[in-house]
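A.B. asks: Chains as they are written, first to last, in our numbering: chain V, 262 to 488; chain Y, 796 to 1001.
These are calculated hints, taken from the structure and not from any lab test.
Hints are not guaranteed to be accurate.
Simulated DEER-style distance windows between Cβ atoms [unchecked claim]:
no.: 1; chain 1: Y; residue 1: Asp944; chain 2: V; residue 2: Ala362; range: 45 to 51 angstroms
no.: 2; chain 1: Y; residue 1: Asp897; chain 2: V; residue 2: Asp272; range: 26 to 32 angstroms
no.: 3; chain 1: V; residue 1: Ala384; chain 2: Y; residue 2: Glu981; range: 43 to 49 angstroms
no.: 4; chain 1: V; residue 1: Pro322; chain 2: Y; residue 2: Glu981; range: 29 to 35 angstroms
no.: 5; chain 1: Y; residue 1: Glu810; chain 2: V; residue 2: Asp431; range: 44 to 50 angstroms
no.: 6; chain 1: Y; residue 1: Glu826; chain 2: V; residue 2: Ala455; range: 47 to 53 angstroms
no.: 7; chain 1: V; residue 1: His288; chain 2: Y; residue 2: Glu826; range: 25 to 31 angstroms
no.: 8; chain 1: Y; residue 1: Pro862; chain 2: V; residue 2: Asn345; range: 48 to 54 angstroms
The structure presented is a predicted model; accordingly, all values stated were derived computationally and were not measured.
Note that the Cβ used here is the ideal one computed from N, Cα and C, for glycine as well.
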Amino acid sequence: MDGIHDVAGMDGFGPIPYDDGEEETFHERWEGETYAAFVATLGNGFASIDEFRHSIERMPPQLYLESSYYDRWVTALTRLLLENDAIDPDDFAALTEAFEAGEASVPEREDPDLLGELKAGVADAYDSDASTAEPAFAVGDAVVVRNDHPEGHTRCPRYVRRARGEIVADRGTHVLPDARAHGRDEGEPLYQVAFDGEELWGESAEPGLEVTLDLWESYLEPADTTN
Amino acid sequence: MDDTDAFDVDEHASEHDPQSRARALQSLLVEEELLSSDAVDRIIATYEDEIGPLNGARVVARAWTDPDYREWLLEDAMAAASAVVDVDSDAIDVEVVANSADKHHLVVCTLCSCYPWALLGLPPTWYKTPEYRSRAVKTPRRMLREEFDVDLPGDVEIHVHDSTSELRYMVLPQRPPGTDDLGEEELVELVTRDAMIGVERLGEGA
Chain V
262 MDGIHDVAGM
272 DGFGPIPYDD
282 GEEETFHERW
292 EGETYAAFVA
302 TLGNGFASID
312 EFRHSIERMP
322 PQLYLESSYY
332 DRWVTALTRL
342 LLENDAIDPD
352 DFAALTEAFE
362 AGEASVPERE
372 DPDLLGELKA
382 GVADAYDSDA
392 STAEPAFAVG
402 DAVVVRNDHP
412 EGHTRCPRYV
422 RRARGEIVAD
432 RGTHVLPDAR
442 AHGRDEGEPL
452 YQVAFDGEEL
462 WGESAEPGLE
472 VTLDLWESYL
482 EPADTTN
Chain Y
796 MDDTDAFDVD
806 EHASEHDPQS
816 RARALQSLLV
826 EEELLSSDAV
836 DRIIATYEDE
846 IGPLNGARVV
856 ARAWTDPDYR
866 EWLLEDAMAA
876 ASAVVDVDSD
886 AIDVEVVANS
896 ADKHHLVVCT
906 LCSCYPWALL
916 GLPPTWYKTP
926 EYRSRAVKTP
936 RRMLREEFDV
946 DLPGDVEIHV
956 HDSTSELRYM
966 VLPQRPPGTD
976 DLGEEELVEL
986 VTRDAMIGVE
996 RLGEGA
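Just chain V, same shape as in the assembly:
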């Protein structure tokens, strides 16, 4: 979807809040707890990685921009857990208010075997291998990215659509995120495609710039049919 997450090439966001090399872990305990909730959501099979990404993308643009990174994760995970009936909305709303008022604490429950099971589930949620499909393109082929604007999830950002590029690597067959984000497992050939800076950004492009993306076959068409 053409959402606010697809920011490549947008101007005006301003300076990068660079931390000058500071090591990054979690800034606050709740961020790590959110990561654990992510592991639980994917690890218990409530969502694939693509469904998770799409859940973030479904946030209204203003809320997306106003939310910090792990705040977006909380919102996205909540949506997925509610949609899967894993949690009850009334319980969640009541508990949120209780924590906000300082009147609740997280229950303690040990289960030493659980983490291993969750990790296996997360690996499944990320697994992008699919049965081999015959590739339509070969390294060296000129391709044009289709001008599609799907309402659902896609990993084809706006800034490469209609652009002409060259296949520089065949990645084999991978699950198509556009399908898996909506619960369907479909494999497709995946290619690394290289674009010249001027093709993407016009005459004012910086010199000597090449941008590569990994793009699925259905995002592409042969260049010679569209010239």
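Given the coordinates of chain V, work out where chain Y should sit on it, guided by the hints.
C.D. replies: Relative to chain V, chain Y alone:
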């Protein structure tokens, strides 16, 4: 789904702080036996103590000192990495791209925050911002100059990798000049996380 129609997740998020919502979520997950207290502690500890840029630095230092290893790393990154550091080679697929005197590599994920976490740990905050993601593929030279104090010479080509699939990218920086006498352990200390993302340039042409 009738229940969720009445509950607007986004509206609720805009009205309540993330810490309270995260703890409410965690409480329900623990109660439903979908998560446990020890799992939460171990997940946090793993990222605080075990997985970080040091893994990548060790791999880079080995590649600087052993040409055969360098070739293996560029060919099959996670298999080569798992020979040097304690990483699960099945956990994530990584391609390592090598900087040279006339080519500089830069890594970004314009759609979200994909990152070679098995080798570098959690992505830094700035990497995940729209500020970085919007500029890295369009004006990387200006961005490196203005934001990271890296003035890339005009004859050095820049190659930006937008991480759009489950394949992740890590930069193999050039070995800094004047380090011929250093051993692998000393070289590890010269490798920075930022050089492995590509917002810092080690070696000639910096």
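A.B. asks: Are the hints correct? Go through all of them and say.
C.D. replies: Do the hints match the structure? See the list:
Separated by about 46 angstroms at the C-beta atoms, Asp944/Y and Ala362/V satisfy the suggested range of 45 to 51 angstroms. Checked against the hint of 26 to 32 angstroms, the pair Asp897/Y and Asp272/V passes, with Cβ atoms roughly 29 angstroms apart. Taking 43 to 49 angstroms as the suggested C-beta distance range, the pair Ala384/V and Glu981/Y does not conform, at roughly 36 angstroms. A beta carbon spacing of about 48 angstroms between Pro322/V and Glu981/Y contradicts the range 29 to 35 angstroms that was offered as a hint.
Evaluation of the 44 to 50 angstroms hint for Glu810/Y and Asp431/V yields a pass: the beta carbon distance comes to about 48 angstroms. Checked against the given bound of 47 to 53 angstroms, the beta carbons of Glu826/Y and Ala455/V, roughly 50 angstroms apart, stay inside it. Distance hint check for His288/V and Glu826/Y: the Cβ-Cβ separation is about 27 angstroms, which falls inside the suggested range of 25 to 31 angstroms. Hint check: Pro862/Y to Asn345/V, Cβ distance near 51 angstroms, so the stated range 48 to 54 angstroms holds.
Checked against the numbered hints given earlier, the structure breaks hints 3 and 4 and satisfies all the rest.
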